[in-house]
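Novice: Each chain, written out:
2 protein chains.
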Amino acid sequence: MTIMMPASDQAVLDRRDAIVADLRAIVPGEGVIASAAEMLPYESDALTAYRQPPMVVVLPETTEQVSRVLKYCFDNGIKVVPRGSGTSLSGGALPLADAVLLGLGKFKRIREIDFDNRVVVTEPGVTNLAISQAVAHAGFYYAPDPSSQIACSIGGNIAENSGGVHCLKYGMTTNNVLGCELVLMSGEVLRIGGKAPEQAGYDLMGIITGSEGLLGVVTEVTVRILRKPETARALMVGFSQVEAAGECVARVIGAGIIPGGMEMMDRPAIHAAEAFVNAGYPLDVEALLIIELDGSSIEVDELIKRVEAIALGCGSTTCRISGSEAERDLFWAGRKAAFPAVGRISPDYICMDGTIPRGALPRALARIRELSEKYGLGVANVFHAGDGNLHPLILYDANKPGEMDKAEAFGADILRCCVELGGVLTGEHGVGIEKRELMPHMFSEADLSQQQRLKCAFDAQGLLNPGKVFPTLHRCAELGRVHVHGGRLPFPDLPRF
Amino acid sequence: MTIMMPASDQAVLDRRDAIVADLRAIVPGEGVIASAAEMLPYESDALTAYRQPPMVVVLPETTEQVSRVLKYCFDNGIKVVPRGSGTSLSGGALPLADAVLLGLGKFKRIREIDFDNRVVVTEPGVTNLAISQAVAHAGFYYAPDPSSQIACSIGGNIAENSGGVHCLKYGMTTNNVLGCELVLMSGEVLRIGGKAPEQAGYDLMGIITGSEGLLGVVTEVTVRILRKPETARALMVGFSQVEAAGECVARVIGAGIIPGGMEMMDRPAIHAAEAFVNAGYPLDVEALLIIELDGSSIEVDELIKRVEAIALGCGSTTCRISGSEAERDLFWAGRKAAFPAVGRISPDYICMDGTIPRGALPRALARIRELSEKYGLGVANVFHAGDGNLHPLILYDANKPGEMDKAEAFGADILRCCVELGGVLTGEHGVGIEKRELMPHMFSEADLSQQQRLKCAFDAQGLLNPGKVFPTLHRCAELGRVHVHGGRLPFPDLPRF
Numbered sequence: 001m002t003i004m005m006p007a008s009d010q011a012v013l014d015r016r017d018a019i020v021a022d023l024r025a026i027v028p029g030e031g032v033i034a035s036a037a038e039m040l041p042y043e044s045d046a047l048t049a050y051r052q053p054p055m056v057v058v059l060p061e062t063t064e065q066v067s068r069v070l071k072y073c074f075d076n077g078i079k080v081v082p083r084g085s086g087t088s089l090s091g092g093a094l095p096l097a098d099a100v101l102l103g104l105g106k107f108k109r110i111r112e113i114d115f116d117n118r119v120v121v122t123e124p125g126v127t128n129l130a131i132s133q134a135v136a137h138a139g140f141y142y143a144p145d146p147s148s149q150i151a152c153s154i155g156g157n158i159a160e161n162s163g164g165v166h167c168l169k170y171g172m173t174t175n176n177v178l179g180c181e182l183v184l185m186s187g188e189v190l191r192i193g194g195k196a197p198e199q200a201g202y203d204l205m206g207i208i209t210g211s212e213g214l215l216g217v218v219t220e221v222t223v224r225i226l227r228k229p230e231t232a233r234a235l236m237v238g239f240s241q242v243e244a245a246g247e248c249v250a251r252v253i254g255a256g257i258i259p260g261g262m263e264m265m266d267r268p269a270i271h272a273a274e275a276f277v278n279a280g281y282p283l284d285v286e287a288l289l290i291i292e293l294d295g296s297s298i299e300v301d302e303l304i305k306r307v308e309a310i311a312l313g314c315g316s317t318t319c320r321i322s323g324s325e326a327e328r329d330l331f332w333a334g335r336k337a338a339f340p341a342v343g344r345i346s347p348d349y350i351c352m353d354g355t356i357p358r359g360a361l362p363r364a365l366a367r368i369r370e371l372s373e374k375y376g377l378g379v380a381n382v383f384h385a386g387d388g389n390l391h392p393l394i395l396y397d398a399n400k401p402g403e404m405d406k407a408e409a410f411g412a413d414i415l416r417c418c419v420e421l422g423g424v425l426t427g428e429h430g431v432g433i434e435k436r437e438l439m440p441h442m443f444s445e446a447d448l449s450q451q452q453r454l455k456c457a458f459d460a461q462g463l464l465n466p467g468k469v470f471p472t473l474h475r476c477a478e479l480g481r482v483h484v485h486g487g488r489l490p491f492p493d494l495p496r497f
Numbered sequence: 001m002t003i004m005m006p007a008s009d010q011a012v013l014d015r016r017d018a019i020v021a022d023l024r025a026i027v028p029g030e031g032v033i034a035s036a037a038e039m040l041p042y043e044s045d046a047l048t049a050y051r052q053p054p055m056v057v058v059l060p061e062t063t064e065q066v067s068r069v070l071k072y073c074f075d076n077g078i079k080v081v082p083r084g085s086g087t088s089l090s091g092g093a094l095p096l097a098d099a100v101l102l103g104l105g106k107f108k109r110i111r112e113i114d115f116d117n118r119v120v121v122t123e124p125g126v127t128n129l130a131i132s133q134a135v136a137h138a139g140f141y142y143a144p145d146p147s148s149q150i151a152c153s154i155g156g157n158i159a160e161n162s163g164g165v166h167c168l169k170y171g172m173t174t175n176n177v178l179g180c181e182l183v184l185m186s187g188e189v190l191r192i193g194g195k196a197p198e199q200a201g202y203d204l205m206g207i208i209t210g211s212e213g214l215l216g217v218v219t220e221v222t223v224r225i226l227r228k229p230e231t232a233r234a235l236m237v238g239f240s241q242v243e244a245a246g247e248c249v250a251r252v253i254g255a256g257i258i259p260g261g262m263e264m265m266d267r268p269a270i271h272a273a274e275a276f277v278n279a280g281y282p283l284d285v286e287a288l289l290i291i292e293l294d295g296s297s298i299e300v301d302e303l304i305k306r307v308e309a310i311a312l313g314c315g316s317t318t319c320r321i322s323g324s325e326a327e328r329d330l331f332w333a334g335r336k337a338a339f340p341a342v343g344r345i346s347p348d349y350i351c352m353d354g355t356i357p358r359g360a361l362p363r364a365l366a367r368i369r370e371l372s373e374k375y376g377l378g379v380a381n382v383f384h385a386g387d388g389n390l391h392p393l394i395l396y397d398a399n400k401p402g403e404m405d406k407a408e409a410f411g412a413d414i415l416r417c418c419v420e421l422g423g424v425l426t427g428e429h430g431v432g433i434e435k436r437e438l439m440p441h442m443f444s445e446a447d448l449s450q451q452q453r454l455k456c457a458f459d460a461q462g463l464l465n466p467g468k469v470f471p472t473l474h475r476c477a478e479l480g481r482v483h484v485h486g487g488r489l490p491f492p493d494l495p496r497f
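Residue numbers (full-length UniProt numbering), protein chains in the order written: chain A, 1 to 497; chain B, 1 to 497.
Think of the hints as simulated: they come from the structure by calculation, not from any bench. None of the values given here were measured: they were computed from a predicted structure. Warning: the hint list may mix true and false statements.
One copy or two, it doesn't matter: identical chains are merged, so the pair holds either way.
As the list claims (entries may be wrong) - Distance condition first, Cα-Cα at most 30 Å in a straight line; then the derived DSSO-like pairs of lysine-lysine: (1) Lys336 x Lys228; (2) Lys106 x Lys71; (3) Lys336 x Lys305; (4) Lys169 x Lys228; (5) Lys108 x Lys228; (6) Lys71 x Lys336; (7) Lys169 x Lys305.
Kindly produce the complete structure, drawing on both the sequences and the hints.
Specialist: Spelled out as structure tokens, the structure:
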């Protein structure tokens, strides 16, 4: 499967030297990178199967510079691809040959820590983890915790509406972000939201969150911080059948218990993780649940007992309860290392990301097993079980002819299955280029047109991150006709590595 | 202060009889109301100071009828004002003389109760309370609980992003709605979201929630239901200084405790409520907090002790803890009846609705007291203290010349103060017509233009609920120019009663 991207604008490419010079006038010093060697690190994001050198990389340091760069590109019809730390798993920050790659890496300062209102105001290039570290001394933290939290930026978290193991209880990025400063493609600077939890007017913060860099460039973020729970303890529960583990998840939630995290791994994932980190995982089970309860000590003690009883009622075969912080960390170590661990047992793998209604978990797992047999490819399942967010890792060998195409077809079938079960193409990794072609499977033409009209309300010329999310780009004027037919842009192939 | 509304379209008024006949062909039987007497109940919503008979009332029963009515109006350039139960406090459902009033009152059926996925799929005319009642037998409920929950419709809750006393812990409407069916002004039907908590594409559900009927008409809703907490107990805590009560709120939240509800009343509100319902409120205090803790019995017992200790540390002078469900209900009875209770001590009152960052509570209260002296009008303060949502009730006598204008000026000053303190013009009652003119105080021209571009992405002709939310309506084509100047529509006066 090759990926189609918008045609390069030859007139822009012909003017490259002049454009680079103009950008240097806006962002002086080392803020403009134009040599092929220095641009290498920007050729892909974490979806490394696709690579493309950008036309030029610009690394502004101030909102004013971002605004001037965008206005310059707006006035001259030049495309722009925004980039945070480049940890996107769906190709959201993949460059275009004729576009400016706008990196926010120099926006690294935390501007304000306001404990009274329990918010942090920060620049978008600050990493997710750095926010928690900056408030840890006072017993606070920032809740969403994607696996990439050491590296991923808070601006990128907003673009992708990132989740993490604790999002079951504490929400996704969209539930933890209160406001931002947004620069539109026109260069206009908007202030959206603020420290107060409710806002007048349309929920612009909600649209920006998860918009994958297609609507504007975030230059400041206000996030909510939470007080660290007094205690957290985890159960590690094994089951001889995957369905029983699914039933346990449903019963815990059904009992009104919202764990801080509730993660499931199947047999291949358990074995891979255990071989990698020696977390003490049982190897004779088909499914393992890690369930973390947090709150006051007395509350956690009681919840542990209730969850243990529920697990037993679902036929759990093993159950260990963490007796110390070190043991709790060990339970999680295997889960957190599951992706690299699977990388050790298979030459290559694709990490899929889809969601299903919790009640459909057993059906989804059965279907994935059927597909695994049909395609003759192994699969290791790791998922945020509590909120129905699946991460099947499809195992393949890129050196065997045809296996990569089979793996991609397998992945697409899993996502179609998620949609058929009433779920969604993506849980937290975004659509990007990876799932772009699957969007019509989930959305009707009317749905997609409405989403694109919304895009037009922010970026009428379609200059910001084109080729991502939408399989077909319509001109905004055509969308005004409400019923849209045709209007496809010519898409040449983009090389894949 | 008179309120300006868009000019009536004489060409539409001249065609009224033909329009009524055309609408009767779409919605047969008693679904079209055109006589002045029968249209009387639709002349205003709960902001009763403003009244306006609509051109015609249409009460469709199916999505197809809604779609056909909207398409007919779209094709013929006829304005439409959607209406749920008409309990809006900001005039969101106020009719226009040349507009179809589209009532959703016949959409009264709950379509599906799905306990496995913990959602209810319902028609928009179902009341907020009816949803909780429909799932109560299984121990579930729908969390947002506006004071009007017996009457207000879930569709109206979406339009206003309604809150309630339990929203501190369980979120506003936007946090509890997962999907909807939306009919655009063009008649196109979109399906937005679904049962899964995360969604691909832009967060359309987020924009629709709180959009005050300007973007589309909701014909089906999927809401999240929660399991009822095992126990709920309340503390009633009195303070001799309002500031001490504010400090107590901050310390409870700062300690990482999120009460199910945390409400504050000041002396005038306490006295009015106690005289009305005999809840046993202390009359010798300046501020009263009602703090409800919910969860498992063991957890609630512990939290009660911690909150009591915090309150004592802040200098509380009285503290009672509910020992039974009946006593807890009694604590709340006074708070829930505060609005009608204040109606008994003053001929007229305006209920304001603004939010501030929690940390600014003492400053906001001091400013409201200053303004009360400046205007010579009493004020009773009732608020959702936990999330900084103020509801000052401004007391006046409409029979005294000039008092109503003074009260409105006082209210506007309070909202300006909220914005200056980093807060927002509205917490949960919407902008509607009431706060429309204050929008530029909160938003820059660029902000308002961006919100209107978003409106244009849904309703390019501006036919849906015009005159609400935005002080100035721009034509969508003008907004395309990005920088907007002028372009005001001619607004004649609307009579006020």
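Novice: Hint by hint, note whether the structure agrees.
Specialist: Hint check:
With identical chains, the CA atoms of Lys336 and Lys228 are at most 30 Å apart within one copy only, with a shortest distance of 20 Å there and 33 Å across copies. Proximity of Lys106 and Lys71 under a CA criterion of 30 Å is satisfied intra-copy only: 20 Å inside one chain copy versus 50 Å between copies. Proximity of Lys336 and Lys305 under a CA criterion of 30 Å is satisfied intra-copy only: 25 Å inside one chain copy versus 38 Å between copies. In the homo-oligomer, the alpha carbons of Lys169 and Lys228 lie at most 30 Å apart both inside one protomer (13 Å) and across protomers (17 Å), since each shortest distance falls under that limit.
Proximity of Lys108 to Lys228 under the C-alpha cut-off of 30 Å is restricted to the intra-copy arrangement: shortest distance 24 Å within a copy versus 44 Å between copies. Neither within a single protomer nor between protomers do Lys71 and Lys336 lie at most 30 Å apart by alpha-carbon distance, with minima of 42 Å and 52 Å respectively. Proximity of Lys169 to Lys305 under the C-alpha cut-off of 30 Å is found in both arrangements, the shortest distances being 19 Å within a copy and 25 Å between copies.
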